[in-house]
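Protein chains: 2
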Amino acid sequence: MTSLVKMGRLAREAAFELSSLSTDAKNNALEMIAVQLERNAEVILERNARDIEAGKRKGLSPALLDRLLLTEKRVQGLVADTRNVIKLEDPVGKIIDTRIMDNGMRLSRRRVPIGVLGVIYEARPNVTVDIATLCIKTGNSVILRGGSETLNSNKILAEIISDALDQAGIPSKAVQYIDDPDRSHVQKLLRLDKYVDMIIPRGGQRLHDLCREQATIPVITGGIGICHIYLDESADRIRALDIIENAKVQRPSVCNALDTLLVHESVAERFLPQISKRLALSDVVLKAKGKALEMLQSTGDGCVVEEAGADDFDKEWLGLTLGVKIVADLDEAIMHIREHSTEHSDSILTGDEENAEKFVDRVNSAAVYVNASTRFTDGSQFGLGAEVAVSTQKLHARGPMGLEELTTYKWIGRGSGHIRN
Amino acid sequence: MTSLVKMGRLAREAAFELSSLSTDAKNNALEMIAVQLERNAEVILERNARDIEAGKRKGLSPALLDRLLLTEKRVQGLVADTRNVIKLEDPVGKIIDTRIMDNGMRLSRRRVPIGVLGVIYEARPNVTVDIATLCIKTGNSVILRGGSETLNSNKILAEIISDALDQAGIPSKAVQYIDDPDRSHVQKLLRLDKYVDMIIPRGGQRLHDLCREQATIPVITGGIGICHIYLDESADRIRALDIIENAKVQRPSVCNALDTLLVHESVAERFLPQISKRLALSDVVLKAKGKALEMLQSTGDGCVVEEAGADDFDKEWLGLTLGVKIVADLDEAIMHIREHSTEHSDSILTGDEENAEKFVDRVNSAAVYVNASTRFTDGSQFGLGAEVAVSTQKLHARGPMGLEELTTYKWIGRGSGHIRN
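Quick mapping for you: the protein sequence lines, in order, are chains A and B.
Counting in our numbering, the first sequence runs from 1 upward without gaps.
Counting in our numbering, the second sequence runs from 1001 upward without gaps.
Some clues are possibly wrong.
To be verified - List of simulated lysine to aspartate or glutamate pairs, DMTMM-like, C-alpha gap at most 25 Å:
#1 A/291 / A/233
#2 A/188 / B/1339
#3 A/289 / A/311
#4 B/1194 / A/314
#5 A/94 / B/1357
#6 A/6 / B/1357
#7 A/73 / A/31
#8 B/1194 / A/361
#9 A/94 / B/1314
#10 A/94 / A/13
#11 B/1358 / A/404
#12 B/1194 / A/233
#13 A/358 / B/1089
#14 B/1006 / B/1193
#15 A/194 / B/1361
#16 B/1358 / B/1314
#17 A/94 / B/1097
#18 A/56 / A/42
#19 B/1073 / B/1378
#20 A/289 / A/312
#21 B/1291 / B/1269
#22 B/1094 / A/352
#23 B/1194 / A/316
#24 B/1087 / A/233
#25 A/6 / B/1089
#26 A/155 / A/180
#27 A/94 / B/1354
#28 B/1188 / A/193
#29 B/1194 / A/213
#30 A/87 / A/166
In short, the hints are calculated from the structure, not lab data.
With the hints as constraints, model all of the structure from the sequences given.
So, in structure tokens, the structure goes:
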């Protein structure tokens, strides 16, 4: 494998070329990628089959194997996704703002690519194509590092993409893949600050922690959501049943799914049996303490109920479990969220506008909802056209990141002999 | 000293309160700080005198001692600066954008404080007041760590500010100062990711490197500028003399001062003697190689000229030295800047609009100028009202950072029972 320092240098050189490309040139390259993915479907499937075989030998779960699997239809999906990126608006070159300074100099800010990204991800091989195409569209180079379970699939996909770039007259090193499974390369990538401008980890808590610990490059951490819904006294309880069900069961394995339900004490006695019965239809298991536990345990036809452990309100369930807690009022709900939220997505269900505004003001999560499901926190739902990652840190971008979040800006000062007094 | 973890926890609690304060409440607190600084001028000067004495005993240079020194007039300056912050627009609460999603849910982004900042700085005690007041204005808590040379001055300033906050009914822990000179506290601060959202180092390269290496928190690095001016063939050479002189000598000790002059070969023979004579009036020393060296050495009444060493084009001079190089054309100038620039501020002097646009497009610095001095890269020059730092990294903010760059945003989704399909 090419050394990581060399990959970094090549990526930076490619980024220099990419930064000046027209939108048309970038779209042509994307179309070439789509064409080549289509043409090479067979070899992609053949390489993916090797990964799947190896995965079976390793005893990976059927669910994980399904995530790794590429089929003819899924390859067609990759092709379609690539063509969708062509349709997205190119943020590069946009003028953010312009002003004429007192001395007559024109000062503006123009969107430019960030430069070189390092993206570390797990499992699904479609991320390789997703990220590569979004980077090309925004004029960024990228160094990719996927999970070892899909090494063969990722390698061939990255190869096809590089070849397509080459054919389109764009530096093929704009997309590079770290194909040596040795883990030390991840650590090296995280310290390649001379060449890499931003690290995006897409994976679990451990990967994010590793990046935060080791990186000398800015890292976009995120993707971990301990999400809350607070049911206020004045909430429409019929709608609440739908919203809570949606937030919990529509796709329980993702970061914006509901983890903890907080219920105002004055409505708990009526509402807890109702929600327990509703969620029982989806085999949800409830975790509660004290009075809530009692109420839920005495509900017939309700969910399986277990006593909540000490740290159960600090867990991202990623499955059909839900913590339930009774709170005295809105303030206690806000305090609970402050203590236990990962600042991803939290929602209040209420008929009281003052309480809604207080919740929105005081709950400091990337996405705060009123009378809506937490499941909306998502690039495509938010109309960003794409989703690079979901950030739960505060700098650069918060929440879903689209194409614009793959850019930065430069200040441009246009003078006519201007000097500073 | 309170333990750093405790400081972090207190800062976060204070930030929670601060985030909901009205602009009026924050301005009242700032006025209280101004009043208390005024009232306590005597004790501030007395503590500062201790720092100055200790500095003299340590043998600090007169220039550094002058930077540390507070006088009655300088304290009045701190008071005036604080009142200026009152006048600045509060970015918190502003709506960045709003859209109605296809399903009817209203989605907007609202500016909110970042939370808790850690600021590490050197020398001048006025930074303590600057940063503290800008943080209060934007609803952020801050943990400050100044240089040991001004420990007494910084401590009393931070104490006065905290007391003023208390009197204004705002949590006094919004501004805390690490008053134990032990260096291990800096390292602890850099790893306090549970409580601190952003680190801003204000100092030299070593401090920035330390932060980049050690921090598990996003760091705004910057403040290092190897700045270039390229004199194109078609430039107005009379204006060029003024611009280059301004960029080099108006304030040579700062990051946006000129470090390297690149001159198109077709005009070098005429221009180099002219600029050498002009800069000789300010005792500038030139560093050059080859033909440029020859031309400059044969100029009468010119600058002192020395042969440039191997890494002289990679130096931020911070003084009256200037590297000079002849380049064949614009492309070579751009290549030189790509290799040697710290992406802070670079300028082209030209009469050719196409070359101007190419330079602006291909030189990827935080600030790029056409026919203007590099000295403009500055928060107040750019009309930001204040300057927290100058960022030369790509994320969150580039170039001068004002109040807005001390904020982030939250997404707010307002529904009426909305669930995701």
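Cross-check of the supplied hints:
| no. | hint | verdict |
| --- | --- | --- |
| 1 | A/291 / A/233 | holds, 17 Å |
| 2 | A/188 / B/1339 | holds, 22 Å |
| 3 | A/289 / A/311 | holds, 12 Å |
| 4 | B/1194 / A/314 | holds, 14 Å |
| 5 | A/94 / B/1357 | holds, 15 Å |
| 6 | A/6 / B/1357 | violated, 31 Å |
| 7 | A/73 / A/31 | holds, 19 Å |
| 8 | B/1194 / A/361 | holds, 22 Å |
| 9 | A/94 / B/1314 | violated, 32 Å |
| 10 | A/94 / A/13 | holds, 23 Å |
| 11 | B/1358 / A/404 | holds, 23 Å |
| 12 | B/1194 / A/233 | violated, 33 Å |
| 13 | A/358 / B/1089 | holds, 23 Å |
| 14 | B/1006 / B/1193 | holds, 13 Å |
| 15 | A/194 / B/1361 | holds, 22 Å |
| 16 | B/1358 / B/1314 | holds, 23 Å |
| 17 | A/94 / B/1097 | holds, 17 Å |
| 18 | A/56 / A/42 | holds, 21 Å |
| 19 | B/1073 / B/1378 | holds, 24 Å |
| 20 | A/289 / A/312 | holds, 10 Å |
| 21 | B/1291 / B/1269 | holds, 10 Å |
| 22 | B/1094 / A/352 | holds, 23 Å |
| 23 | B/1194 / A/316 | holds, 18 Å |
| 24 | B/1087 / A/233 | violated, 41 Å |
| 25 | A/6 / B/1089 | violated, 47 Å |
| 26 | A/155 / A/180 | holds, 10 Å |
| 27 | A/94 / B/1354 | holds, 19 Å |
| 28 | B/1188 / A/193 | holds, 22 Å |
| 29 | B/1194 / A/213 | holds, 13 Å |
| 30 | A/87 / A/166 | holds, 22 Å |
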